[in-house]
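Relying on the hints, combine the two individually framed chains into one complex.
Protein chains in written order, with the working numbering: chain A, 1 to 124; chain B, 1 to 134.
Among the clues, some could well be false.
Unchecked claim - Okay, the calculated beta carbon distance ranges per label pair:
id, chain 1, residue 1, chain 2, residue 2, range
1, B, G94, A, P83, 22 to 30 Å
2, A, E97, B, Q80, 30 to 38 Å
3, A, G37, B, A66, 40 to 48 Å
4, B, A66, A, R60, 34 to 42 Å
5, B, S96, A, H67, 17 to 25 Å
6, A, Q91, B, A66, 48 to 56 Å
7, B, G68, A, G98, 40 to 48 Å
The hints are simulated quantities; they were obtained by calculation from the structure and are not laboratory data. Values in this document were obtained by computation on a predicted structure and should not be read as measured data. By construction, the Cβ of each residue, glycine as well, lies at the ideal position given by its N, Cα and C atoms.
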Amino acid sequence: MHVPVLKQGGYLIASVQSVLSDADLLQLRDDLAERVGQFRSRGVIIDVTVLDVIDSFATRTLRAVAHMLKLRGAETVIVGIQPDVAFAMVQLGLTLEGVGTALDLEEGLAYLNRLSKKNVKHGK
Amino acid sequence: MENDGTHVAINSNADIVEARQKGRALAIELGFDGSDLTLIAAAISEIARNIVDHAKTGEIMLNAAAQGSKRGICIIAADQGPGIKDVTKAMQYGYSTRKGLGVGLPGAKWLMDEFDIDTKVGVGTTVTMKKWLH
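Chain B on its own, in the form it takes in the complex (with noise of 0.2 Å):
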């Protein structure tokens, strides 16, 4: 289970619509059915955007999790942009360093159950994110 992952480089907006559709194509094959479908694309569209908008060129990796007896998905945004200088900053609702909205971040670790960021400035970013069936 843990080897079916699909990787989806990053280096435009039009790839964030192949992200998006591969990670809802990977959730089916997981299981995942009804509002959770909407809400993973969700997510994966909002943080493969952080990508575009931020470092420009990223990668997104979707992939099956497993811990314990939960199974799920796991999907890793990683680029070696900028990173983020106040994380905390960058992960409040309505904070945004450009023109947006500034929901991406904030808003995917609300759709997601496991949400972790790991960043450093001149170095780039990795946001991990996870979903367990129910």
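So here's chain A without its partners, still in its complex pose (with noise of 0.2 Å):
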């Protein structure tokens, strides 16, 4: 199922409404790609609140997508990973290392903007 994608300001949300393929996950990816250069967004976040299952190959996707985006300029944070799904990940032994996680929406609009202020200070 096609994830819709929102701009929220300087942000992208994609919020994942039901279960995806492997195939919705590559879509997702090549759309976020694509629309962090449309809208010049510094930030993305992704809610995978609705997800039942992350597993290896959703892992690899998503990895890849927090790393795509920032080498296009823009933070990833991945929000909304319920516990039982954090439980097999870790049972698993996967990790979304390198990639911003955050408890909710709300969370991740926070970390955004955080990130951005220190950009600010920073000069970048």
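Right, here's the structure in full:
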């Protein structure tokens, strides 16, 4: 199922609405890479609250998305990983190393705001 | 109880989603709850993906399992793919013959209580895994 991407100020919010197939995940990756350029976004929030499983492929793809967007000048934060999903990821040894995570949408926005403030301070 | 099994044909990555959803539904029916449901779904996801990546097509069979006083779920993933040359290596965490994370098979083993792999080069691979109700 297609993931809607909303523009919110300087950020993009991708809100996953249902379970995702591998193809959906790759589509999301390509959509975000394009939109970040289109809207000149500095930050992207991917809300995965509804996902009941984040397996090795999803982890690898989310990591790739975050690294790709970073190369395009945007920070990514994954929000809404459910406790059971987190537990299964730990059991599988899956990590989102180098990728920002936050509890929910609100915390995700706060995370991006903190990052952009830091970058302003350092004259970036 | 042994007959309420489900069978999912795996032909593309979209079928991985169907397999794990059906697996989750059966697990609920059998009395699993909470994080066990997620662990079972994640294990199905990994072995189903293994079929798509290595054998292209195959099938997943989901059944109730019983052994003595233990009750649980039995998941069988079967394909007629190329088979696995070196099972010991394939079961090593982080080992992948393609661009994966090398998490699939060893990961699924960790998530389940029992895990058995039967493979023959040129014939195919069958993974049987079980999780018991606590």
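Each hint tested on the structure:
1. The hinted window of 22 to 30 Å between B/G94 and A/P83 holds, with their beta carbons roughly 26 Å apart.
2. Checked against the hint of 30 to 38 Å, the pair A/E97 and B/Q80 passes, with Cβ atoms roughly 37 Å apart.
3. One distance hint, 40 to 48 Å for the beta-carbon pair A/G37 and B/A66, is violated here, with the actual separation near 56 Å.
4. For the pair B/A66 and A/R60, the beta carbons lie near 36 Å from each other, so the given range of 34 to 42 Å is met.
5. The beta-carbon spacing between B/S96 and A/H67, approximately 19 Å, falls within the hinted interval of 17 to 25 Å.
6. Distance hint check: the CB atoms of A/Q91 and B/A66 are about 25 Å apart, inconsistent with the given range 48 to 56 Å.
7. Range check, B/G68 to A/G98: about 46 Å between beta-carbon atoms, so the 40 to 48 Å window is met.
This entry does not satisfy hints 3, 6, going by the numbered hints stated previously.
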